[in-house]
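A.B. asks: The task is simple: from the sequences and hints, build the whole structure.
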Amino acid sequence: MGQGPSRRELSDFEQWRIVTRSQLAHYVRTYRFLGLIGFVALISGFDLGFQIHAGVAIVQQEQLHKVSEYLSNFLDNTGLWVVLAAAFFGGDALSVDFSTGSGYFMLVQPVRRGSLLAGRYTAATLVTLAIVGVYYAFGLIGSAYFFGAAAVPWVDVGLSLGLGVLFSLAALSVAFTISAFFKSPSAGVLVTILAVYVGFFTLQQVVELAGYEPFWSLTYAGGAMAAILDTDFVHIQAVPLGEDQYYTIWSASAVEGGIIMAVYLLVFLPLSVVLYHQKESQ
Amino acid sequence: MTAASIEVAGLTKSFGGRRPAVYDLTFRYEGSGAIGYLGPNGAGKTTTLKLLVGLLRPTSGQARLNDLDPVADRKHALASVGAVIETPEPYDTMTVYEALETVGALRGLDPDGIDSEIDRCHEVLELPALAARCGGLSKGERQRVVLAAALMGDPTVLLLDEPTDGLDPAERVLVRNLLTRLKKDHLILMSSHLMGDITEVCDHLIFLRQGTIVLRDSVAAVAARITQRQLDVEFAQVVPVAALVAIAPVVQQVAALTDRRFRLTFDGSLEGRTQILDGCRRLAPLLRFTDATLVLEDAYLDVIASSPGE
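Chains as they are written, first to last, in the working numbering: chain V, 78 to 359; chain U, 21 to 330.
Simulated from the structure, these hints should not be mistaken for laboratory data. It cannot be assumed that every hint is accurate.
Unchecked claim - DSS-like cross-link-like pairs, simulated, lysine-lysine; straight-line CA separation at most 25 Å: (1) V/LYS356 <-> U/LYS95; (2) V/LYS356 <-> V/LYS260; (3) V/LYS260 <-> U/LYS159; (4) U/LYS95 <-> U/LYS203.
To be verified - Covered stretches of chain V (in silico footprint by chain U; criterion: 3 or more residues with CB under 8 Å from a CB of chain U, positions within the stretch not fixed): (5) 85-96; (6) 101-111; (7) 181-194.
Virtual Cβ for every residue (Gly too), placed ideally from N, Cα, C.
C.D. replies: Put into structure tokens, the structure is as follows:
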């Protein structure tokens with residue numbers, strides 16, 4: 078063996094880059110990524126295909142001849158895809174190191190846990206955005222096909238994507254935190270989906286029925302990604318249920334949604350970092 | 021640069037209200053050499069190694085690698101440490117090259133350095149094809165990749181938990197020979213249930229039972245402790261075991277190795293040895309009368325049996 082090879086001390090930033098690259102290479106080859114991105118492409122493709130089959134005139138009429146209405150409706154499921162991606166790539170982010178052999182491979186390397194977590198978080202964000210990007214791509218293709226490329230509101234699309242990034246970061250922070258409490262990676266994934274999508278959504282409906290704005294709900298905030306594209310955005314709608322009875326529906330504005338997402342990010346990301354540092358192997 | 025060192029001082033780890041998994045462990049080794057870490061299942065061997073690399077936090081006491089605390093400063097404490105603990109698994113989607121490249125890069129090797137280190141590991145450990153996905157490797161192949169990852173960058177300290185686990189006999193010999201070479205200028209702490217590996221590789225032994233050290237000594241001293249009380253005798257003709265038991269009152273136990281070769285356990289005294297030699301000569305023509313060779317299983321059982329229990 079003799080004298081060892083020359084090595085230099087890396088900064089945390091350099092190690093973060095290495096971990097991100099390695100984690101990203103892993104994520105994009107997993108069945109969950111290929112399955113989810115394929116599924117999103119398939120659903121979006123079918124959606125677009127049916128619309129093309131229906132014809133330009135019918136679609137334009139259905140969407141009130143507004144490209145913003147079309148985009149807003151087409152991209153209405155962005156929150157679902159983000160939550161699924163966050164659950165798939167964040168729901169096991171912290172538990173995987175302490176319940177599978179991969180942790181014994183990476184956690185014995187001379188890297189701060191913060192760098193490992195940051196690399197994993199960045200890679201998870203990138204794959205989540207790749208999935209969202211495919212969804213948006215179909216929406217944009219449809220917009221250009223039915224309303225012409227010149228009609229596409231690029232600024233609003235950019236703002237919507239910006240909210241998509243913020244929503245992804247927030248949802249992943251929640252998923253990372255949830256994963257800290259589970260030994261089994263699959264349990265973390267399942268609970269993230271149940272908590273963030275089903276749980277929030279159900280509670281949101283109940284709270285709205287009771288006449289309150291669900292400002293605390295992350296999925297409520299997620300609605301802002303599509304709402305920002307809607308030029309006829311309405312924050313509060315009263316739906317008549319019967320005589321003198323109304324059901325109130327709230328929609329998060331871009332600003333409100335962005336604030337809620339930012340709060341989730343600021344609370345849950347540091348929490349996940351603390352939990353990861355505290356975790357011990359079994 | 022300080023000498024390579026492995027140190028634990030008053031190291032205790034408890035999980036909940038149970039009896040501590042390790043209790044008040046204290047030892048320090050520095051420089052080079054190989055230390056065998058032995059004990060029955062649940063003795064605390066893996067827990068100690070996890071504490072050393074900061075996968076666990078001590079309840080009290082300290083673990084230090086190269087004089088650095090792996091919990092407070094894991095980046096520097098592990099900078100020159102290669103560790104194989106439990107059953108590490110690179111991501112199954114990664115190729116062997118990618119897994120080793122990631123480790124090399126994290127340890128500060130440049131691309132050329134990474135390639136030459138992978139070449140070196142490929143040669144000494146006969147690694148599987150570098151383009152093979154880790155998920156498709158056999159247990160032995162994966163273990164060799166994991167060992168290669170531990171060796172990337174040529175760390176001065178190696179912490180190895182059952183390093184030959186899952187390897188076939190030829191692979192075990194390969195790894196044993198590698199470790200025997202490495203211990204000349206590396207400090208190795210290895211646990212293993214395979215006593216042959218420990219006997220062949222290690223210079224020092226630590227016996228652990230129920231989380232505490234029951235014996236810590238050089239292999240030579242442990243060998244002397246055992247072999248002083250055992251004799252191997254070989255006769256020119258078949259001899260019944262019962263006849264050997266009766267040759268001298270100091271004989272405590274007779275184990276038949278073949279129908280002409282036996283291992284006798286006695287009190288280790290010079291008079292006892294003389295009595296046995298005389299008795300054997302009277303019994304049948306003697307071909308061999310020597311101290312028993314060290315069989316570490318015997319040492320292990322002896323130490324475990326003579327240490328206080330619950």
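A.B. asks: Does the structure break any of the earlier hints, and which numbers would those be?
C.D. replies: When the structure is compared with the hints, none of them turns out to be violated.
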